[in-house]
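With the hints as constraints, model all of the structure from the sequences given.
Sequence positions in the sequence shown follow the numbering used here and run 1 to 199.
No false leads were slipped in.
Once the Cα atoms are required to be at most 25 Å apart in a straight line, the calculated PhoX-like pairs of lysine-lysine come out as:
| # | residue 1 | residue 2 |
| --- | --- | --- |
| 1 | 119 | 56 |
| 2 | 129 | 56 |
| 3 | 166 | 65 |
| 4 | 110 | 129 |
| 5 | 90 | 110 |
| 6 | 129 | 119 |
Restraint-style ranges between C-beta atoms, simulated for each label pair:
| # | residue 1 | residue 2 | range |
| --- | --- | --- | --- |
| 7 | 182 | 143 | 18 to 28 Å |
| 8 | 52 | 142 | 21 to 31 Å |
| 9 | 46 | 113 | 35 to 45 Å |
| 10 | 133 | 195 | 33 to 43 Å |
Keep in mind that the hints were calculated from the coordinates and are not lab data. For each residue, glycine too, the CB sits at the ideal point set by N, CA and C.
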Amino acid sequence: IDQLGVFFLAGHETTASALTWVFYMLAERPEWLARLREEIDPYMSEGDLSFEATKKLPLTRAFFKEALRLYPPITFVPRVALEKVEIEGKRLPRGALVMIAPWTLQRHSKYWEDPHAFKPERFLPENEKNLTQGAYIPFGQGPHLCVGAGFAQVESLLIMSQLVSKFDFELLPDQRVVPAARLTTRPAEQVMMRVRHRV
Numbered sequence: 001i002d003q004l005g006v007f008f009l010a011g012h013e014t015t016a017s018a019l020t021w022v023f024y025m026l027a028e029r030p031e032w033l034a035r036l037r038e039e040i041d042p043y044m045s046e047g048d049l050s051f052e053a054t055k056k057l058p059l060t061r062a063f064f065k066e067a068l069r070l071y072p073p074i075t076f077v078p079r080v081a082l083e084k085v086e087i088e089g090k091r092l093p094r095g096a097l098v099m100i101a102p103w104t105l106q107r108h109s110k111y112w113e114d115p116h117a118f119k120p121e122r123f124l125p126e127n128e129k130n131l132t133q134g135a136y137i138p139f140g141q142g143p144h145l146c147v148g149a150g151f152a153q154v155e156s157l158l159i160m161s162q163l164v165s166k167f168d169f170e171l172l173p174d175q176r177v178v179p180a181a182r183l184t185t186r187p188a189e190q191v192m193m194r195v196r197h198r199v
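What follows is the structure, given as structure tokens:
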């Protein structure tokens, strides 16, 4: 039963949280909706987007990654120190539990230029190679990388592409969307938006 809980969290809750932020950000930025459509539309001419086509959407992938940088689904990554270590002047004994907060790391000015700004271009192939290794960990990293990371990214790109190609998104007025760190990072209140068929 514990494993079922893990699969539910990893396979549903985190993806739903990530896509909530993606569509919130798209509703706030109609110019990006137009840019993503320019990239996606040629692959939608025959109906549904194929798995192979997801590899040919660098801007859509970059938008998704930037949304995860600013609003990582997981609130913390627990790790155990395998040996005595010093981090930022603090000495930790072997076996110490260390909680890594992707939110903090992925918005740290030491690793990101203009860290609170939404700039998907950071993750375009020509720019991504210049990012600090280990500063972007929405799925963890190293031997403990989420086993579903690849699946979650492809699934999210497929869902994003289908919805972006077919619908317009508009936030309802007078909303204050505030992130809340719960089991996942999600809006404290429901994000209300108007979704219309694309004209």
